[in-house]
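Engineer: Residue numbers (the numbering used here), protein chains in the order written: chain F, 1 to 450; chain V, 1 to 450.
Please note that the accuracy of each hint is not assured.
A pair holds if it fits inside one copy or across any two, identical chains being indistinguishable in the list.
Derived pair list, reagent style EDC-like, types lysine to aspartate or glutamate, alpha-carbon separation capped at 20 Å [as the list claims (entries may be wrong)]:
{"id": "1", "residue 1": "K190", "residue 2": "E158"}
{"id": "2", "residue 1": "K14", "residue 2": "D45"}
{"id": "3", "residue 1": "K255", "residue 2": "E8"}
{"id": "4", "residue 1": "K28", "residue 2": "E48"}
{"id": "5", "residue 1": "K416", "residue 2": "E218"}
{"id": "6", "residue 1": "K190", "residue 2": "D99"}
{"id": "7", "residue 1": "K226", "residue 2": "D70"}
{"id": "8", "residue 1": "K311", "residue 2": "D70"}
{"id": "9", "residue 1": "K212", "residue 2": "D236"}
{"id": "10", "residue 1": "K14", "residue 2": "E259"}
{"id": "11", "residue 1": "K226", "residue 2": "D96"}
{"id": "12", "residue 1": "K255", "residue 2": "E222"}
{"id": "13", "residue 1": "K311", "residue 2": "D11"}
{"id": "14", "residue 1": "K190", "residue 2": "E159"}
{"id": "15", "residue 1": "K277", "residue 2": "D70"}
{"id": "16", "residue 1": "K72", "residue 2": "E103"}
{"id": "17", "residue 1": "K311", "residue 2": "E143"}
{"id": "18", "residue 1": "K212", "residue 2": "D276"}
{"id": "19", "residue 1": "K226", "residue 2": "D273"}
{"id": "20", "residue 1": "K226", "residue 2": "D270"}
{"id": "21", "residue 1": "K226", "residue 2": "E256"}
{"id": "22", "residue 1": "K277", "residue 2": "E159"}
{"id": "23", "residue 1": "K255", "residue 2": "D228"}
{"id": "24", "residue 1": "K358", "residue 2": "D271"}
{"id": "25", "residue 1": "K226", "residue 2": "D99"}
{"id": "26", "residue 1": "K83", "residue 2": "E117"}
{"id": "27", "residue 1": "K226", "residue 2": "D252"}
{"id": "28", "residue 1": "K277", "residue 2": "E8"}
{"id": "29", "residue 1": "K255", "residue 2": "D57"}
Please keep in mind that the hints were generated in silico from the structure rather than gathered at the bench.
There are 2 protein chains.
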Amino acid sequence: MQFELTSEFLDSLKAAIEKKDATFLKDKLHDLYAPDIAIIFNQLDLEEAAYIYELLDDDTAPQVLLELDDDKREELLKTFSSKEIAEQLDNMDSDDAADVIAELPEERQEEVLSHIEDIEQASDIAELINYEEGTAGSLMAKELVSVYSFETVSQCIEEIRTQADNVDVMYAVYVLDNNERLIGMLSLKKLIISHPLARIEEIYEPDVQFVKTNTSSEEVAEFMQKYDLVVLPVVDQLGRLVGRITVDDVMDVIKETAEENIQRMSGITDDVDSNDKLWRLSRARIPWLLVGMCGGIVGSRIIGSYEEQIKIHPEMAYFIPLIGAMGGNVGVQSSAIIVQGLANNTLLGDNIVSKLFKELGVGLINGLICSLLIWGYAFAIEDWQLAATVSAALLTVILCASFLGTFVPLTMNRFKINPALATGPFVTTLNDIIGITIYFLMGRMLYTFF
Amino acid sequence: MQFELTSEFLDSLKAAIEKKDATFLKDKLHDLYAPDIAIIFNQLDLEEAAYIYELLDDDTAPQVLLELDDDKREELLKTFSSKEIAEQLDNMDSDDAADVIAELPEERQEEVLSHIEDIEQASDIAELINYEEGTAGSLMAKELVSVYSFETVSQCIEEIRTQADNVDVMYAVYVLDNNERLIGMLSLKKLIISHPLARIEEIYEPDVQFVKTNTSSEEVAEFMQKYDLVVLPVVDQLGRLVGRITVDDVMDVIKETAEENIQRMSGITDDVDSNDKLWRLSRARIPWLLVGMCGGIVGSRIIGSYEEQIKIHPEMAYFIPLIGAMGGNVGVQSSAIIVQGLANNTLLGDNIVSKLFKELGVGLINGLICSLLIWGYAFAIEDWQLAATVSAALLTVILCASFLGTFVPLTMNRFKINPALATGPFVTTLNDIIGITIYFLMGRMLYTFF
Numbered sequence: 001m002q003f004e005l006t007s008e009f010l011d012s013l014k015a016a017i018e019k020k021d022a023t024f025l026k027d028k029l030h031d032l033y034a035p036d037i038a039i040i041f042n043q044l045d046l047e048e049a050a051y052i053y054e055l056l057d058d059d060t061a062p063q064v065l066l067e068l069d070d071d072k073r074e075e076l077l078k079t080f081s082s083k084e085i086a087e088q089l090d091n092m093d094s095d096d097a098a099d100v101i102a103e104l105p106e107e108r109q110e111e112v113l114s115h116i117e118d119i120e121q122a123s124d125i126a127e128l129i130n131y132e133e134g135t136a137g138s139l140m141a142k143e144l145v146s147v148y149s150f151e152t153v154s155q156c157i158e159e160i161r162t163q164a165d166n167v168d169v170m171y172a173v174y175v176l177d178n179n180e181r182l183i184g185m186l187s188l189k190k191l192i193i194s195h196p197l198a199r200i201e202e203i204y205e206p207d208v209q210f211v212k213t214n215t216s217s218e219e220v221a222e223f224m225q226k227y228d229l230v231v232l233p234v235v236d237q238l239g240r241l242v243g244r245i246t247v248d249d250v251m252d253v254i255k256e257t258a259e260e261n262i263q264r265m266s267g268i269t270d271d272v273d274s275n276d277k278l279w280r281l282s283r284a285r286i287p288w289l290l291v292g293m294c295g296g297i298v299g300s301r302i303i304g305s306y307e308e309q310i311k312i313h314p315e316m317a318y319f320i321p322l323i324g325a326m327g328g329n330v331g332v333q334s335s336a337i338i339v340q341g342l343a344n345n346t347l348l349g350d351n352i353v354s355k356l357f358k359e360l361g362v363g364l365i366n367g368l369i370c371s372l373l374i375w376g377y378a379f380a381i382e383d384w385q386l387a388a389t390v391s392a393a394l395l396t397v398i399l400c401a402s403f404l405g406t407f408v409p410l411t412m413n414r415f416k417i418n419p420a421l422a423t424g425p426f427v428t429t430l431n432d433i434i435g436i437t438i439y440f441l442m443g444r445m446l447y448t449f450f
Numbered sequence: 001m002q003f004e005l006t007s008e009f010l011d012s013l014k015a016a017i018e019k020k021d022a023t024f025l026k027d028k029l030h031d032l033y034a035p036d037i038a039i040i041f042n043q044l045d046l047e048e049a050a051y052i053y054e055l056l057d058d059d060t061a062p063q064v065l066l067e068l069d070d071d072k073r074e075e076l077l078k079t080f081s082s083k084e085i086a087e088q089l090d091n092m093d094s095d096d097a098a099d100v101i102a103e104l105p106e107e108r109q110e111e112v113l114s115h116i117e118d119i120e121q122a123s124d125i126a127e128l129i130n131y132e133e134g135t136a137g138s139l140m141a142k143e144l145v146s147v148y149s150f151e152t153v154s155q156c157i158e159e160i161r162t163q164a165d166n167v168d169v170m171y172a173v174y175v176l177d178n179n180e181r182l183i184g185m186l187s188l189k190k191l192i193i194s195h196p197l198a199r200i201e202e203i204y205e206p207d208v209q210f211v212k213t214n215t216s217s218e219e220v221a222e223f224m225q226k227y228d229l230v231v232l233p234v235v236d237q238l239g240r241l242v243g244r245i246t247v248d249d250v251m252d253v254i255k256e257t258a259e260e261n262i263q264r265m266s267g268i269t270d271d272v273d274s275n276d277k278l279w280r281l282s283r284a285r286i287p288w289l290l291v292g293m294c295g296g297i298v299g300s301r302i303i304g305s306y307e308e309q310i311k312i313h314p315e316m317a318y319f320i321p322l323i324g325a326m327g328g329n330v331g332v333q334s335s336a337i338i339v340q341g342l343a344n345n346t347l348l349g350d351n352i353v354s355k356l357f358k359e360l361g362v363g364l365i366n367g368l369i370c371s372l373l374i375w376g377y378a379f380a381i382e383d384w385q386l387a388a389t390v391s392a393a394l395l396t397v398i399l400c401a402s403f404l405g406t407f408v409p410l411t412m413n414r415f416k417i418n419p420a421l422a423t424g425p426f427v428t429t430l431n432d433i434i435g436i437t438i439y440f441l442m443g444r445m446l447y448t449f450f
């Protein structure tokens, strides 16, 4: 059902490219959809990709271009003339074309625009690239069908006939007042089943949800997801309809946001993927490693201040990794639950305190279980002082980590910092340090007094 | 633009419920969409929710029911009679109704079904609850419009008129052959702009993507996302059209999968959220804590075997947390990149070895930076043997963690285990143990020979 690229198939394509066997390649590629062809492209070198791109038909080629990895697309576009790029853009939706052109060097953008044959498409693209990245304006496309409320159903269908060439997929017709302001919508279903002479104003749905051009992409994504929308109209500051956002663009935003969160949680600062260059991957990962190292150094200072004690009771050192690891694990668990709650908007101002208490409750239950088990183990292996130290420290560390794991992301969120950062190395490092401090403090107390 | 529930608004609603001020409540709720009302419901107690539910109009009430948290819906439905539940189901899409009824105790399902007035709806629901959870069959709805290829455009429009009552949102008409087998589709746009006497077989699009009833939900989600589909037809084993899946259902699957992955990465075994009960939250989190504890105990045994050395060189103990934390951090970073690559299908059989080398390259760069820094620090503070031990161990640990962070998720994936598990406590624990072993081994070697 779904295409899976096998190495045999890839090899057969590479062999055919080598032999310039255009018939074989055209035949194989014809059966595939653009996203699948893009997967193949990502496995080819530039020369192979450029050759095979020429063989694609006019409808498929621009779609493949859109589906490519950013790096691959950039490489490929460098081999194209401005006129060739313009031809590709002419066959794209305006939003996609604007995305591609925005990736080009600025001096080239104008040149490419001047080569686009369809003047309306060119002006649409020119408008769209002006919207700030990460806003509804940068997500929207200009292709839409709109009618005035005073028109009739048959006039509206006539309008669709003339505008339809530009609009690939159509879900609804937007209804405007005399000042081009969006006042409602009309589903195609309603249009089909209404009398041809009915006036739009009698049958349209005035309750239409929309966003403004400066609404953030994340908000748009949340909005469409929450209200199960397939398409969302975009208006300017005066309420005039200027574009529409479709669900597929928003799914990309959702996916990117989720990936970004996972990367933040894992201590990766930049948005990278495994195909990125070595130095970019290294650079995205070093900052949090350095933070972790500073944490480790602080930890070493703390342990260092108990040197005498370690000499007498070297067994104190045995459980350092356990205490550190458990603090980290509990902290990550707690903050993951909170980050998820924040993302789903299920955390309200008032119940934050109750969440904190709940987390402490969970910490207490799991902390008691763990510290009881470790008490048994340490008592069997070592002396009762160590058993008491480890188990009491473990319980305290788990409670502390539960508290911090809840409190830190909530606080970060309040200060508009991505709380996913807190689930990662930050909370782990913090808990490591606090855990060791608690452990040695308790150890000194117990060994001194008993 | 987007509704935000404030505690003032919530308080005013609660006060109105207390006073049974139906006019005020109806007025306030009328302005809101179902997902927003559901957010309010999740903050009310059962009695308040049950009272306010009665005030919702017939269209909104079932939508609110669908948007509620599972626990809340279960509670609320317990206060309803079977007949009342049946009324709600009658106003839902068949797929949503099937989801709700599947949550009821089995003996109640039949009773509720028998109360549904619309016989077709009842039989659709009865069919849908038989599909296994997590398959396309369980995601699909029965509401769709289909025509035979031999019909004309005007017959087709007539068909839409009669079937349209059941289908809320319509994107396309499916085309069937005489044996009810799916052979293509027709966009509403095409239908509107075609001549009324044109035959469907002359204008339909034969290239239609579909899935089978037993395709897994994740595969469906990936499929629709990859090919940017808004609606996807579902066929049975004989190729007969039996339902359709819409993008909103799939967005829920995508969101749930992403959340599940984040939970697995954070060492949470069950799908929980912060509103779940205390004991459920505890139970979902204890397994990986116990694994982490076993790791800690193994670590303690390893350190224990170097007791004599710690007595002589207690400074060896200082850097235990640093070594453990860095191994964990690097392992998590590496596996996050791989898990993401696996999810995006950008990792192909052939280039896994090259990924491994790339990760080792990143590990080498970052490892060299970190170990150089720690060498300088340890040399300044302690002796050269310790500096050499810590920095050499750190480099080795980072390389090891890079390797394991790449290798473990890839191996898990090969054995069909969710690789996100590897990014969490599993890789951290493993790297902790390996890190400590390397560190003490190197320390003994250096202190013994020099």
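Engineer: It remains to establish, for every hint, whether it holds in the given structure.
Structural biologist: Outcome of the hint check:
Taking identical chains as interchangeable, the C-alpha atoms of K190 and E158 lie at most 20 Å apart whether they share a chain (16 Å) or sit on different chains (13 Å). Proximity of K14 and D45 under a CA criterion of 20 Å is satisfied intra-copy only: 10 Å inside one chain copy versus 64 Å between copies. In the homo-oligomer, the alpha carbons of K255 and E8 never lie at most 20 Å apart, since the shortest distance is 30 Å inside one protomer and 34 Å across protomers. In this assembly of identical chains, K28 and E48 lie within 20 Å of each other by CA distance solely inside one copy; the values are 15 Å within and 62 Å between copies.
In the homo-oligomer, the alpha carbons of K416 and E218 lie at most 20 Å apart inside one protomer (14 Å), although the nearest pairing across protomers, at 33 Å, exceeds that limit. Taking CA atoms no more than 20 Å apart as the test, K190 paired with D99 passes in neither setting, with 34 Å inside one copy and 28 Å between copies. Taking CA atoms no more than 20 Å apart as the test, K226 paired with D70 passes between copies only; the shortest distance there is 16 Å, against 29 Å inside one copy. In this assembly of identical chains, K311 and D70 lie within 20 Å of each other by CA distance neither inside one copy nor across copies; the values are 57 Å within and 56 Å between.
With identical chains, the CA atoms of K212 and D236 are at most 20 Å apart within one copy only, with a shortest distance of 6 Å there and 43 Å across copies. Taking the shortest Cα distances, K14 and E259 never come within 20 Å of each other, neither inside one copy (32 Å) nor across copies (39 Å). In the homo-oligomer, the alpha carbons of K226 and D96 lie at most 20 Å apart only across protomers (16 Å), although the nearest pairing inside one protomer, at 24 Å, exceeds that limit. Taking CA atoms no more than 20 Å apart as the test, K255 paired with E222 passes in both settings, with 12 Å inside one copy and 11 Å between copies.
Proximity of K311 to D11 under the C-alpha cut-off of 20 Å is found in neither arrangement, the shortest distances being 63 Å within a copy and 61 Å between copies. Taking CA atoms no more than 20 Å apart as the test, K190 paired with E159 passes in both settings, with 16 Å inside one copy and 13 Å between copies. In this assembly of identical chains, K277 and D70 lie within 20 Å of each other by CA distance solely inside one copy; the values are 12 Å within and 44 Å between copies. For a Cα distance limit of 20 Å, the shortest separation of K72 from E103 inside one copy, 12 Å, qualifies, whereas the shortest one across copies, 47 Å, does not.
Taking the shortest alpha-carbon separations for K311 and E143, neither the intra-copy value of 76 Å nor the inter-copy value of 76 Å comes in at or below 20 Å. With identical chains, the CA atoms of K212 and D276 are never at most 20 Å apart, being 34 Å at best within one copy and 36 Å at best between copies. Taking identical chains as interchangeable, the C-alpha atoms of K226 and D273 lie at most 20 Å apart only when they sit on different chains, with a minimum of 18 Å there against 28 Å within one chain. Taking the closest pair of Cα atoms, K226 and D270 never come within 20 Å of each other, the shortest separation being 28 Å inside a single copy and 24 Å across copies.
Both within a single protomer and between protomers do K226 and E256 lie at most 20 Å apart by alpha-carbon distance, with minima of 18 Å and 14 Å respectively. Taking the shortest alpha-carbon separations for K277 and E159, neither the intra-copy value of 50 Å nor the inter-copy value of 56 Å comes in at or below 20 Å. Proximity of K255 and D228 under a CA criterion of 20 Å is satisfied in both settings, with 16 Å inside one chain copy and 13 Å between copies. Only between protomers do K358 and D271 lie at most 20 Å apart by alpha-carbon distance; the minimum there is 17 Å, versus 34 Å within a single protomer.
Proximity of K226 to D99 under the C-alpha cut-off of 20 Å is restricted to the inter-copy arrangement: shortest distance 18 Å between copies versus 26 Å within a copy. Within a single copy, K83 and E117 get their C-alpha atoms as close as 10 Å, which meets the 20 Å cut-off; across copies the closest is 63 Å, which misses it. Taking identical chains as interchangeable, the C-alpha atoms of K226 and D252 lie at most 20 Å apart whether they share a chain (16 Å) or sit on different chains (10 Å). Within a single copy, K277 and E8 get their C-alpha atoms no closer than 26 Å, and across copies no closer than 51 Å, so neither meets the 20 Å cut-off.
Neither within a single protomer nor between protomers do K255 and D57 lie at most 20 Å apart by alpha-carbon distance, with minima of 29 Å and 35 Å respectively.
Checked against the numbered hints given earlier, the structure breaks hints 3, 6, 8, 10, 13, 17, 18, 20, 22, 28 and 29 and satisfies all the rest.
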